[in-house]
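Given the coordinates of chain E, assemble chain R onto it according to the supplied hints.
Protein sequences, first through last, are from chains E and R.
Each residue of the first sequence is one higher than the one before, counting from 1 in the working numbering.
Each residue of the second sequence is one higher than the one before, counting from 169 in the working numbering.
Heads up, some of the hints might be wrong.
In silico lysine to any residue, SDA-like type, Cα no more than 25 Å apart, as pairs [unchecked claim]:
#1 E:Lys60 to R:His555
#2 E:Lys60 to R:Ser793
#3 E:Lys60 to R:Ser820
#4 E:Lys74 to R:Lys529
#5 R:Lys825 to E:Lys74
#6 E:Lys74 to R:Glu790
#7 E:Lys60 to R:Lys529
#8 R:Lys529 to R:His555
#9 E:Lys74 to R:Glu782
#10 E:Lys100 to R:Val498
#11 R:Lys786 to E:Thr50
In short, the hints are calculated from the structure, not lab data.
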Amino acid sequence: MSSEVKGRELSVLGVEELIGEIHEKEVQVIAFMLNEELVGVPIEQIIEITNNRDLTPVPKAPSFVIGVMNLRGKIVPVINLKEHLKIPYQIPEDIYRRNKIVILETPKGEVGVIVDEIVGSVKFPESDILPEPIGTVGIDVKFISGVVQLDGELLILLNVESIFNQEE
Amino acid sequence: MKVEIPEELQEILEEFLVEAEEILENLDQDLVDLEANPEDKELLNKIFRGIHTLKGGAGFLNLTPVVEIAHRVEDIFNKLRNGEMGLTPEAMDIILEGIDRLREALQMLKDSRELPDVEEIEELLSRLDAVLKGESPTTPVSSEGDEEGSSSLEGEVEFVDGISDKLKELILQYPDRDLAGILEEIILMPPDKRPMDVIPEIEKLIEEGKDVKDLVKKKETKPQEKEEGEISEEEKEPQKAITSESPSSAGSNSKTKTTSKKAEKKNSETIRIDVERVENLMNLVGEIVLDRNRILRVTQDVEKECRTEAVEKLVEAVTSLDRTVSDLQVAVMKLRMQPIKKIFSKFPRLVRDLARKLNKKVQLVIEGEDTELDRSILDRLEDPLIHLVRNSLDHGIELPEERIAKGKPEAGTIRLFAYHEGDHIVVGIQDDGRGIDSEKVKKKALEKGLITPEQAAQMSDKEAYELIFLPGFSTADKVSDVSGRGVGMDVVASTIHSLRGSIEVESEPGRGTTILLKLPLTVAIIRTLMLGCNGQVYAVPLHSVVEIVRYQEDQVKEVGSFKSFMLRDEVLPLFSLNELLEVPDSNEKAFVVIVKVGEKLIAVSIEKLFGEEEIVIKSLGELLSDIPGIAGATIAGDGRVVLILDLNSLLSDYKTKLIGVKR
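This is chain E alone, in the form it adopts within the complex:
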């Protein structure tokens, strides 16, 4: 939410108040696949990307929690982001092997999320961020802070704050 608003305000300021050359603020996101969707999270909110770490399942935890892992001596929960976002998912047998874990900085501390495939890092000017076109993507609007059109592909920006503040 906040970055979307900020983005628009800035672009307005850029055009109307400061005439001439200004460097637009660039946004860098790490893009990855969730099912067929291309989604991204601002790089500032990503602590690291890791594959293939040992996960310890946590009995009696909510079903979206896959387990906990050891991140440099810290215990970090790893969750099934698809389930958490209420989009369709099936857990493949080798979920720990094939998929990558992205460790995010969230309001609930560090949390790992399982993603299908890391696409890479994308940079674009903040003004390219558009409000979410309702109903065109499979992810609930409240988890999205905006979309960006990238050569024919739509990148959905996830709002980490709202995703991890939703419980209860």
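Leaving out everything else, chain R in the frame of chain E:
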């Protein structure tokens, strides 16, 4: 009164506060010691120096109320150490009040950058003045003290040539000070008495590398060179500071003073570190330990496969790394450890004040104050200890007449001690008072409905003593403001238990009581039982496990949909860990763990048992903070996360689910 401290002095203020806190902490102990040995010159000097330092710092920062109080207390001690007056308990009370006031003022300063107004402390100041005048009516010590000093020294001292009379006088006035010290004294004098003309002379002498010793010819003169060497070393720092502050105006001089003070303080250097940084360090070291274990394993494999010189060298390097990492781990653990002195040092004062209030005579003996404990335990131990000591004084130690009548020494003794015992620390309080009357305790517990008459009849003395820790129990016939302050013995007990410690009471009627608190060295590490269940390893804190027995089919009885387990001649409800954790059950059980839940024993069957291990507790993070039955997690030797189970809450959670209602 709001205190304005300019930006550039903030740091000095912070330093002053830390220093002042240390001084005051030591003072309490010293003052109580002093009361026992009022003639101890060394102690008097130490106290005087402490107060003097405090006053100096406060003066530099313009903290007038602090200076006012400290100045008077300093004067009193100056008289005391010069033998001009004797110490009475009444005088001591006022001095202690002054020290308390200083402490309060400094706390205020720390919390809100405020100080009490001068008017507020006037009454205290006048009382301090009264103490000062008490024995000998002459007032400020500064003028009094000189004559004293000079008369005692004059005979033995001769000066070298070329020194002004004024300086000679000063040297005689402060016989145990060097030139820098004398300079300090001058700065601390009231402005109108400050001999400004001597200052340049002293500075010049210091610049030349001279000191009092060079100016004074004592009868027993030591070899010259050695002295000079000493002096230049001692004086280097202050000297530098002084030369850089050449003009001798009062302001810059006072700056000189603090600088030189800092140089003197060097020998007991400490830094304060945020606990979070230490935690972070612990985590990182934990990681290194795991990496080391991995390297060790790989090296062993390599060694098996090929034996070359290079591999041998590798093994050597790894072995050395192994040792260093172990040392590192211990060193970091030690960062969290602090000597129990930190809280013990508060007791001399507490006991003294209480004893006076209760008209009892008590001698406090402290032992093992260097025993180290984890800081988080230490912080929580203070209140229980204060409570226990209060109790001893209030209920244990008898009044002097009563003690004499019983043939005991007039003054009671309270012993406060700490020592290591295996992987535990024992902190104890022992008194030689009247002891606990177990019959009286039982009667009281009966009256309050805490036990049944049958229980009372069967109870051993030791069990009876435990009753005092029950909520709602108080043996004092009347609630005094000494021990009846709302925090009861039950709070003591629950605090100790929450630290995973235990309490033991020994008492002999008429002879005294000993209360022992057994505490773990650290809260971060616990002993656990490692269990296997559904292919996963779990840790169960050992303190909740009563016993472990082999699983035998013939000891299991099915009662309806429930199972029960025969342990000797008791029938215990039996659950499998799998059903408690809601994970698939293979029904291959190997062991049964008997746990105590409240007063009842419950059997839990498990698939595998891996043995005992000491582990470091880590939190699961906010996202998973309220999962029933999981107390936290730890990282095993292979880097995997192992969950720590809380069988107690696991069982109660299961029960709620079975019954279908939340209680």
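Hints, one by one, checked against the model:
1. E:Lys60 to R:His555: Violated. E:Lys60 to R:His555 sits at ~41 Å, over the 25 Å cutoff.
2. E:Lys60 to R:Ser793: holds (12 Å)
3. E:Lys60 to R:Ser820: Roughly 14 Å between the alpha carbons, so the hint for E:Lys60 and R:Ser820 holds.
4. E:Lys74 to R:Lys529: violated (54 Å)
5. R:Lys825 to E:Lys74: Distance ~32 Å between R:Lys825 and E:Lys74 Cα, so the pair is violated.
6. E:Lys74 to R:Glu790: holds (13 Å)
7. E:Lys60 to R:Lys529: violated (60 Å)
8. R:Lys529 to R:His555: holds (19 Å)
9. E:Lys74 to R:Glu782: It holds: about 18 Å lies between the C-alpha atoms, which stays within 25 Å.
10. E:Lys100 to R:Val498: Since the Cα atoms of E:Lys100 and R:Val498 sit roughly 36 Å apart, the hinted pair is violated (cutoff 25 Å).
11. R:Lys786 to E:Thr50: holds (21 Å)
Violated hints, in rising order: 1, 4, 5, 7, 10; the structure is consistent with all others.
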